[in-house]
Amino acid sequence: MIKSYKLRRNLTNALIYVILSVLCIIWVLPLAWLIMTSFRGETQVYIPYIIPKTWTFDNYIRLFTDTSIVNYPRWFLNTFVVACFSCVISTVSVLMVSYTFSRLRFKSRKKIINIGFILGMFPGFLTMVAIYYLIKAMGLSQNLIALILIYSAGAGLGFAISKGFFDTVPRALDEAATIDGATRNQIFWKIILPMSKPIVVYTILTSFTGPWADFIMARIIMGDAKDQYTIALGLWTMVQKEYIDDYFLMFCAGAVVVAIPITALFLKMQKYYVEGVTGGAVKG
Amino acid sequence: MYKYTKRILGVGLASLMAVSALAGCGGSTPSDGASDSSSKDEGGSSSVEVKQYTVDDVMGDAKIAMGDEDNVTLKVWGPQASLALLQKQCDAFVENFKKLGKTIKIECVAQGEADAGTNLKTDPEKGADVLCFASDQGLELFKGNYLQQVRLNYREALESSNLESAYNTVKFKGPDDTEEGVYAFPETGDNGYALFYDKRVLSDDDVKTMEGIMEVCNKEKKKFAFNLGDGFYGCVIPFTAGGTLSLSDDLTTQKLNYDYDKISKVAKAFSDLCSTSDYFKSEDINTTLVSGFKNGTHAAGVVGSWKINDIKKALGEENMGVVKLPTIKVDGKDTQLISVYGYKHMGVNAKSKFPMTAQALAFYLTGEKCQKERCEEIGWGPSIKSLAESELVTDNVALKAIYDQQQYSLPQINILTSFWQATGTYAGNVVNPDKKHDDASMKEYYDNMVENISIQ
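If you read the protein sequences in the order shown, they are chains A and B.
With positions in the first sequence counted from 1, the corresponding number in this note's numbering is that position plus 1255.
With positions in the second sequence counted from 1, the corresponding number in this note's numbering is that position plus 305.
I should point out that these hints are in silico values taken from the structure, not numbers from a laboratory.
A couple of the hints might just be wrong.
Among chain A residues calculated to face chain B with C-beta under 8 Å, some are [said to hold, decoys possible]:
# : residue
1 : 1299
2 : 1301
3 : 1305
4 : 1320
5 : 1395
6 : 1478
7 : 1482
8 : 1496
9 : 1497
Distance condition first, Cα-Cα at most 30 Å in a straight line; then the derived BS3-like pairs of lysine-lysine [to be verified]:
#  : chain 1 : residue 1 : chain 2 : residue 2
10 : B       : 658       : A       : 1481
11 : A       : 1308      : B       : 567
12 : B       : 356       : B       : 504
13 : B       : 403       : B       : 356
14 : A       : 1481      : B       : 618
15 : B       : 380       : B       : 524
16 : B       : 356       : A       : 1496
17 : B       : 403       : B       : 380
Only a predicted model underlies this, so the values are computations on that prediction, with no experimental measurement involved.
Every residue, glycine too, gets a C-beta built ideally from N, C-alpha and C.
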């Protein structure tokens, strides 16, 4: 038994730091490997050492210039368009549904909420075959509009978290606004939304990253229409057996570039996360 | 009024959904595909005398090739490696018929042969009119009526010009058919595998036997990659022991003509040699072998023709050796490894809107001229007999080795999909150093394989 408090504290801390460092290395190593590989000069898929001996930007340059077979810029743009549209539509619909369930009282509100929860428990891809045939019947298969529809159509079901948030916003604010003559619509846009930045940001982030990273639906809908591929599909194509020996390093570069929009969005939105807004708002 | 609007809207939306759902169902039933008039085109019975055509006849007469079809639009699925050449050949086809007064538009889309069948099954209406696929998918595509039967007028030309084993893999007979029908056009004759090695490490004598290869690999600390964990390669164990495959008449049950006593001896030989060495690797050959050769970590590997060009680049042409598979010592006797040998075919989608033209195109693309161009320009081994025996193949080290292996192989016919995974798991266990290799365990691995193959 170690008696000195200081020694014991130092030992405990040392142990904790060792564990944390190991965890950190385990977590960071794949990312570091990916980034290093994307700058690697050796062209083979595997090398028997971790740190490359030659470094180059060529993989990135090729990724954006050699577009005859692997059209990464086009896929990037497709994904960006789909993600932006889906993000706007889903964010608006999620927030509206949440606000409705939080503030309005109407017949079978409870039942609809319950149905919503139950439906939300089934993963979306369970219905992919049905979705495919519906989309095909509408003449939209192999089309980016189909993806936007799929990603945003069911978004309203994800109301649970933001409804919980709206429930914490005091109803007194609504009442005050109603007395001043505001309609429900005005209350939602002008009073509640500006005060709910954290949940708005959260909703934006989740509804952007979902479409950005989705593979299953895009694979089902797009088939052989390479021009309409999204990044997830494109990256997957690059590691198929007939492409991998030529495109593996571009794949790594592509995987790094994919992270940029999400990181940028997150950094931009991050500050709103920490801003508590609701507390004390009534006092105003 | 408001209530009314709501009701009308509700009924309207509901019927829209119902209509779209039904429309969807229509598209999902490909089973009627082969029975439409086009697919039975002169294909019902061969007892009637049918005029036979060659590719030249077809290219010289639009009536023979296309019937009454005009303003044709076709989509062709081919792998990326051949796409540019395929488009060029299709353009030549279009040009030829333009002179004969017909308008055709052909678009070639990249689609690897390994997934072509699966993607066609996903939605035949969106699939290509003409698709290249590997022979392992033929049976499933035939069973689901996804392929059009080849016109009887083309059969004789196909039969006489192609390698017999290649032609055998495009013939299928359903439970209700009185005789075999031809359902695809053989496109290549080299979809098998051979032993690729680094000449700087292994000599011509070393590569004749598994024992020779492993001895050098162990000494030089270099790897020998043979992906037995994949059924395409793993079937070497039962086949080397004299096993063969057949199918029940209703095409639903795999019959294994296996003799466990013999198989256990071959399996023991593999297990003794491979599971005891750190340098024998049953790994994903498609992603590791080329890098391994380039890094100098691999001395040899068993892989197919699709990697010839990449390996040539990695090793340099002068260092690349390719030979048929080696022998293995079973019961003190050198026994030649027997592999499975596949082909690539072109098939015509049963849902094609222009079946005559699509068939003519597939016939032309798999004809001697196009196969020769593919062999010369991208190194694909032909299925046309005269080309396979010509200098095009005999002067090409890699292709020659793959064709040499053909005599020590079983053709890829009568094989159900369940065969591959189960066989791969069995062979993978046999060479896996972490698994037990006593008699009881080996028998258990074998029994599991047999059971899993029979589960549909």
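Evaluated hints:
Restraint check, residue 1299/A versus chain B: the minimum CB separation of about 4 Å is within 8 Å; hint holds. Hint on residue 1301/A holds. Least Cβ distance to chain B is approximately 4 Å, under the 8 Å limit. Here the hint on residue 1305/A is broken, as its CB sits about 13 Å from the closest CB of chain B, past 8 Å. Taken as an interface hint, residue 1320/A does not check out: its beta carbon lies about 18 Å from the nearest beta carbon of chain B, beyond 8 Å.
Because the smallest distance between the Cβ of residue 1395/A and any Cβ of chain B comes to about 11 Å, over 8 Å, the interface hint for this residue is violated. The criterion of a C-beta within 8 Å of any C-beta in chain B is met by residue 1478/A, whose closest approach is roughly 6 Å, and the hint holds. Nearest Cβ of chain B to the Cβ of residue 1482/A: about 10 Å, over the 8 Å cut. The hint is violated. For residue 1496/A, the shortest C-beta to C-beta distance to chain B is roughly 4 Å, which falls under 8 Å, so the interface hint holds.
At its closest, the beta carbon of residue 1497/A sits 6 Å from a beta carbon of chain B; the interface hint therefore holds under the 8 Å criterion. For the hint linking residue 658/B to residue 1481/A, the alpha-carbon distance of about 23 Å falls within 30 Å, and the restraint holds. Pair hint residue 1308/A plus residue 567/B does not hold up; C-alpha atoms about 50 Å apart against a cutoff of 30 Å. Straight-line distance between C-alpha atoms of residue 356/B and residue 504/B comes to about 53 Å, which puts the hinted pair past the 30 Å bound.
Between the alpha carbons of residue 403/B and residue 356/B the distance comes to roughly 25 Å, so the proposed pair stays at or under 30 Å and holds. For the suggested pair residue 1481/A and residue 618/B, the alpha carbons sit about 28 Å apart, so the restraint of at most 30 Å is met. With a C-alpha separation of about 53 Å, the suggested pair residue 380/B and residue 524/B falls outside the 30 Å cut-off, and the hint is violated. Taking the CA atoms of residue 356/B and residue 1496/A, the gap is about 43 Å. The hint is violated against a cut of 30 Å.
Between residue 403/B and residue 380/B the alpha-carbon distance is near 18 Å, which keeps this suggested pair within the 30 Å criterion.
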